[in-house]
Amino acid sequence: MTEPSLLIYGIGNQQRNDDGAGAFVAGVVAAALKRRGITSEVHLVQQLTPDLAEEIAESHVDGIVFADVEVDAIAGAIRSIVGIEAPVTSSHSWSPALILLVAERLYGCRLPAWLVTVPGSNFAHGETISPATHQALGSVEAWADVIARVLLESRGAAPGPSLA
Amino acid sequence: MTRTITIDPVTRIEGHAKITILLDDDGHVSDARFHVVEFRGFEKFCEGRSFWEMPGITARVCGICPVSHLMASAKAGDAILGVSIPPTAAKLRRLMNWAQMVQSHALSFFHLSGPDLLLGMDSDPAKRNVFGLIDKYPDVARNGIRLRRFGQKVISILGGQSVHPAWTVPGGVREPLSDANRSVIRRMLPEALDITGLALDMLKDAIDDYRDEETMYGNFPSLFMGLVTPDGGLEHYDGVLRIVDSDGNVLEPGISPARYREVIGEAVEPWTYLKFPYYKPLALRGLNGDAPPPGYYQAGMYRVGPLARVNICDYAGTPRADAELREFRRLAPRGKLVSNSFHYHYARLIEIMYCLERIAETVEDPSITNDRVRSHAAVNNLVGVGVSEAPRGTLFHEYHVNEDGILQKVNMIIATGHNNLAMNRTVKQIAQFHINGHKLDEGMLNRVEHGIRLYDPCLSCSTHAIGHMPMVIELVAADGEVLDCLRRDG
Numbered sequence: 001m002t003e004p005s006l007l008i009y010g011i012g013n014q015q016r017n018d019d020g021a022g023a024f025v026a027g028v029v030a031a032a033l034k035r036r037g038i039t040s041e042v043h044l045v046q047q048l049t050p051d052l053a054e055e056i057a058e059s060h061v062d063g064i065v066f067a068d069v070e071v072d073a074i075a076g077a078i079r080s081i082v083g084i085e086a087p088v089t090s091s092h093s094w095s096p097a098l099i100l101l102v103a104e105r106l107y108g109c110r111l112p113a114w115l116v117t118v119p120g121s122n123f124a125h126g127e128t129i130s131p132a133t134h135q136a137l138g139s140v141e142a143w144a145d146v147i148a149r150v151l152l153e154s155r156g157a158a159p160g161p162s163l164a
Numbered sequence: 001m002t003r004t005i006t007i008d009p010v011t012r013i014e015g016h017a018k019i020t021i022l023l024d025d026d027g028h029v030s031d032a033r034f035h036v037v038e039f040r041g042f043e044k045f046c047e048g049r050s051f052w053e054m055p056g057i058t059a060r061v062c063g064i065c066p067v068s069h070l071m072a073s074a075k076a077g078d079a080i081l082g083v084s085i086p087p088t089a090a091k092l093r094r095l096m097n098w099a100q101m102v103q104s105h106a107l108s109f110f111h112l113s114g115p116d117l118l119l120g121m122d123s124d125p126a127k128r129n130v131f132g133l134i135d136k137y138p139d140v141a142r143n144g145i146r147l148r149r150f151g152q153k154v155i156s157i158l159g160g161q162s163v164h165p166a167w168t169v170p171g172g173v174r175e176p177l178s179d180a181n182r183s184v185i186r187r188m189l190p191e192a193l194d195i196t197g198l199a200l201d202m203l204k205d206a207i208d209d210y211r212d213e214e215t216m217y218g219n220f221p222s223l224f225m226g227l228v229t230p231d232g233g234l235e236h237y238d239g240v241l242r243i244v245d246s247d248g249n250v251l252e253p254g255i256s257p258a259r260y261r262e263v264i265g266e267a268v269e270p271w272t273y274l275k276f277p278y279y280k281p282l283a284l285r286g287l288n289g290d291a292p293p294p295g296y297y298q299a300g301m302y303r304v305g306p307l308a309r310v311n312i313c314d315y316a317g318t319p320r321a322d323a324e325l326r327e328f329r330r331l332a333p334r335g336k337l338v339s340n341s342f343h344y345h346y347a348r349l350i351e352i353m354y355c356l357e358r359i360a361e362t363v364e365d366p367s368i369t370n371d372r373v374r375s376h377a378a379v380n381n382l383v384g385v386g387v388s389e390a391p392r393g394t395l396f397h398e399y400h401v402n403e404d405g406i407l408q409k410v411n412m413i414i415a416t417g418h419n420n421l422a423m424n425r426t427v428k429q430i431a432q433f434h435i436n437g438h439k440l441d442e443g444m445l446n447r448v449e450h451g452i453r454l455y456d457p458c459l460s461c462s463t464h465a466i467g468h469m470p471m472v473i474e475l476v477a478a479d480g481e482v483l484d485c486l487r488r489d490g
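Line by line, the protein sequences give chains A and Y.
Numbering-wise (this note's numbering), the first sequence opens with residue 1 and increments by one.
Numbering-wise (this note's numbering), the second sequence opens with residue 1 and increments by one.
Keep in mind the hints are simulated off the structure, nothing from the lab.
Predicted, not measured: the structure shown is a model, and the values here were computed from it.
Be a bit skeptical, because a hint or two may be false.
[Stated by the list, open to error] Part of the chain Y face toward chain A, derived, beta carbon under 10 Å:
no., residue
1, Phe-45
2, Ile-64
3, Asp-135
4, Gln-161
[Claimed, not checked] Okay, the calculated beta carbon distance ranges per label pair:
no., chain 1, residue 1, chain 2, residue 2, range
5, A, Gly-108, Y, Ala-126, 19 to 27 Å
6, A, Arg-155, Y, Pro-319, 50 to 58 Å
7, Y, Ala-126, A, Ala-77, 28 to 36 Å
8, A, Arg-79, Y, His-400, 44 to 52 Å
9, A, Ala-142, Y, Ser-183, 43 to 51 Å
10, Y, Asp-135, A, Val-150, 28 to 36 Å
11, Y, Ile-207, A, His-134, 51 to 59 Å
12, A, Glu-41, Y, His-28, 51 to 59 Å
13, A, Ile-84, Y, Ile-406, 47 to 55 Å
14, Y, Leu-189, A, Lys-34, 35 to 43 Å
15, A, Glu-41, Y, Ser-183, 21 to 29 Å
16, Y, Val-184, A, Gly-108, 24 to 32 Å
From the three backbone atoms N, C-alpha and C, an ideal C-beta is built for every residue, glycine too.
This is chain A alone, in the form it adopts within the complex:
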């Protein structure tokens, strides 16, 4: 049986300080999942666009993770975003939930999906990440446990040991 696999989208602009945290988080989550026997393909995107719905539908993965930064959040968080309400936007940038809903409605694709977020406060031009944003990454092993449990249980396999 092949390893479960995931598509991880790291979202944000790496030249706008904390806005680039999504890319960083995506890499860290991928590494943590690898330690649990789950392979990931990381895609870095500045924003989410409708074509990603088809990309997800054609991906043949077992789940999707979106890694992003959230203004005014206090700490990092993970939440399942399958089947949740998604306000429709008229902008160029879509939400993870909206992408998933379009993937389901247009392509019949419904996969386990999570949004992991870290707080961000500095969005000026620059290439650094704030200490508070870094600190939220302390939760990454717990996030990887959550994701691994769902994926591995769905395959009838027990989750591997955490290396935290």
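The hints should help you fit chain Y onto chain A, whose structure is shown.
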């Protein structure tokens, strides 16, 4: 008398597009202001960096059209090096640029404007969105995604990744195109061409339903600016700058893009961060060195982007696009330009067709797989100007460097900035049609939003986390009282 409202930009939150509609003493719309909120400082951020880094840095200005900045930036770098890039490199850059036009225009037409155009401007707001489009026209929704993915795939094939490909560099490009990848592009083309043909048919069938919108959505004379080939053909990568008025009079037949400052000025206002580019010879006419009066720059208003490009060119140069262009030009009296911004939608589709035809032609060029794709040199000029057509309009990058190639000064005029005056006037025109009394309504919000979307503006794409462009419209009386306010979250 109209009360002037000055809004302190410091209080703005980036990513909000705010519109203020001003009433005069009689309660009629006297003006409308589209406040664009962008953090300033990008040009400052670049100072001290090497010009070699600039394509990669400036590509992150926009999440939708990074390729445009790659092109303009690389061309500014070419000028600093003082090189002519190899012919194959120029063809490859054009290939990527055309692919970007396709993907960006597809997103704009199918997903941003499609629900309004195909479901009806006055249809149930709860369904006039992507899900309404999926329910009623699932094939159209899929086609839009397929077309955008075509563009993204070509960009990814050429540059190694579809977002911020670090492939276009001063002097040329990093990697040639392989035979295998050329075949991949070739195989994807027929579907893309079919989808575009269907979209054009669909739009033309629906056009009679939008005679009102033609009248009120940016229907005013203006100048139009863009690049053309030296013999007046449709152009997106190189060529010369042409400026034409709505009556078809050519004010600038073909000025070298590097001399843009001779004809383009930039004004500022305290109530928005976006500058107001204008055509200097008209705006400053008759002043003879006197201080210009307030609002002087409005006389030099011009539009850029798809509508401008198809208006100013003498021909497209590919068979299906030329046929569409001839049909498009019948929307205006003979010899005059199509001056209704509503027809940006139509122009976008013509450009998609043109770009696909050019891609098809270019992949059959035997030299497209040559491996000489880069010229090498050191700094030979201390100023470099790179100009390219982004999906939204003409894009200028101007770099001043020292002998080591370190940036001392950067100036950029982004495509959306050129359209600032026109967007303001469009909002005012829509407001004048739709404001009745002292209340705003949902229909008004939709119309204004659509009016802005005609220009497909690039606003705050640069910061994803807070760049969702919620829209706020305020209706302000002559005495400054805010009479009503509507908000739509982006």
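Evaluation of the provided hints:
Checking Phe-45(Y) against chain A: minimum C-beta separation of about 4 Å stays under 10 Å; hint holds. Hint on Ile-64(Y) holds. Least Cβ distance to chain A is approximately 5 Å, under the 10 Å limit. The closest approach between the C-beta of Asp-135(Y) and any C-beta of chain A is roughly 8 Å, which is under the 10 Å cut-off, so the hint is satisfied. Annotation: interface hint on Gln-161(Y) holds; nearest CB of chain A at approximately 8 Å, less than 10 Å.
Under the hint 19 to 27 Å, the C-beta atoms of Gly-108(A) and Ala-126(Y), about 23 Å apart, fit the expected range. Against the hinted window of 50 to 58 Å, the Cβ-Cβ separation of Arg-155(A) and Pro-319(Y) comes to about 54 Å, which satisfies the hint. Between Ala-126(Y) and Ala-77(A) the beta carbon distance is about 30 Å. The supplied range of 28 to 36 Å therefore holds. At roughly 48 Å, the beta carbons of Arg-79(A) and His-400(Y) sit within the given window of 44 to 52 Å.
A hinted range of 43 to 51 Å for the beta carbons of Ala-142(A) and Ser-183(Y) is consistent with their spacing of about 47 Å. Roughly 31 Å separates the CB atoms of Asp-135(Y) and Val-150(A), a value that falls within the hinted 28 to 36 Å. Between Ile-207(Y) and His-134(A), the C-beta spacing of about 54 Å keeps the proposed range 51 to 59 Å intact. Distance hint check for Glu-41(A) and His-28(Y): the Cβ-Cβ separation is about 58 Å, which falls inside the suggested range of 51 to 59 Å.
Roughly 49 Å separates the CB atoms of Ile-84(A) and Ile-406(Y), a value that falls within the hinted 47 to 55 Å. Between Leu-189(Y) and Lys-34(A) the beta carbon distance is about 38 Å. The supplied range of 35 to 43 Å therefore holds. Separation of Glu-41(A) from Ser-183(Y) is about 25 Å and conforms to the stated range, judged on CB atoms against 21 to 29 Å. At roughly 26 Å, the beta-carbon separation of Val-184(Y) and Gly-108(A) lies within the given 24 to 32 Å, and the hint holds.
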